[in-house]
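Peer 1: Spelled out from the first residue to the last, the chains are:
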Amino acid sequence: DQQVKQNSPSLSVQEGRISILNCDYTNSMFDYFLWYKKYPAEGPTFLISISSIKDKNEDGRFTVFLNKSAKHLSLHIVPSQPGDSAVYFCAARGGSEKLVFGKGTKLTVNP
Amino acid sequence: GAGVSQSPSNKVTEKGKDVELRCDPISGHTALYWYRQRLGQGLEFLIYFQGNSAPDKSGLPSDRFSAERTGESVSTLTIQRTQQEDSAVYLCASSSGVNYGYTFGSGTRLTVV
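Residue numbers (this note's numbering), protein chains in the order written: chain H, 1 to 111; chain P, 1001 to 1113.
In case anyone wonders, no lab produced these hints; they're calculated from the structure. You may find that some hints are simply not true.
[Unchecked claim] Taking lysine-lysine and the PhoX-like style, the derived pairs with C-alpha atoms no more than 25 Å apart in a straight line are:
1) Lys-103/H to Lys-1057/P
2) Lys-103/H to Lys-1011/P
3) Lys-1057/P to Lys-5/H
4) Lys-54/H to Lys-5/H
5) Lys-5/H to Lys-56/H
6) Lys-106/H to Lys-5/H
7) Lys-68/H to Lys-103/H
8) Lys-106/H to Lys-71/H
9) Lys-5/H to Lys-71/H
Same shape as in the complex, but just chain P:
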């Protein structure tokens, strides 16, 4: 597609439920990143996929968070047993790896009530 697509755009969930967020990167982009932005904070790195290499999971805040990517296409970020502090905008970005100018999606606004 023309840009990075994320779904859903908004998600309200009850505390303790699992949620799955989806990211469709730009076709041909080998690198895919997940960040989140909590209210009043900067963008916080979560996880990074590059081709067939093992993902860099160093930013995942707890074992309730996991992400997968199928080849060089769709990625899903799963949050299990959601907590109120998980409320944030979750942003996905992709890049071709040659110029470091990520292209971001519009994000998924997650609200845990």
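Looking at chain H on its own, in the form it has when it is part of the complex:
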């Protein structure tokens, strides 16, 4: 039973355009959501997070939106840059310190 779902395994965008990565979850107990970015042969690195009491969090080119009623969150990257090409994981926390991760979306930003 997948509690965190990233239904798009891959996404390709042009440099300078907006990248939108989506994530759905099923557990209404989740209270904190995070996005991680992973380059090949490296561990995931923390990118941005959002608490369930908010609906938006922004950090530079990265914005995360949370729609609790739809159990949906998204990561917007604008403008996208070739260096953003990586696998992006959505993660959620609920009731304990451990995080539940999605399967990831591979983003390719074309120059």
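Chain H is already provided as a structure; the job is to place chain P on it using the hints.
Peer 2: Relative to chain H, chain P alone:
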């Protein structure tokens, strides 16, 4: 150290052998986590250590898997009698517990042949 260090970075082992994976967390981080990522899958939780509390072992897939942590330092993940389905990248992470932003190591790629 500056980051989470894992060793070895790569391990090839024969089916049925035991393997031991090591994780050195960031100094001062009280929480330590083991995850694994099998090909085409997301990160799968294995085990979590927090200070001196009993570890959360709820993600260990079988009794062939075990992990230990010495105080708030090094952790070892041991897989006994390895099987081909154990092939994965094993990732260790640590955190200070205050911001939930884990810091991951680069992982150990385990291949069971």
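Peer 1: Indicate, hint by hint, whether the structure satisfies it.
Peer 2: Each hint tested on the structure:
1. Lys-103/H to Lys-1057/P: Between Lys-103/H and Lys-1057/P the Cα gap is close to 21 Å, so the pair holds against 25 Å.
2. Lys-103/H to Lys-1011/P: The given pair, whose Cα atoms are some 24 Å apart, holds under the 25 Å limit.
3. Lys-1057/P to Lys-5/H: The given pair, whose Cα atoms are some 23 Å apart, holds under the 25 Å limit.
4. Lys-54/H to Lys-5/H: holds, 20 Å
5. Lys-5/H to Lys-56/H: Roughly 20 Å between the alpha carbons, so the hint for Lys-5/H and Lys-56/H holds.
6. Lys-106/H to Lys-5/H: Holds. Lys-106/H to Lys-5/H sits at ~14 Å (cutoff 25 Å).
7. Lys-68/H to Lys-103/H: holds, 21 Å
8. Lys-106/H to Lys-71/H: holds, 22 Å
9. Lys-5/H to Lys-71/H: Holds, at roughly 11 Å.
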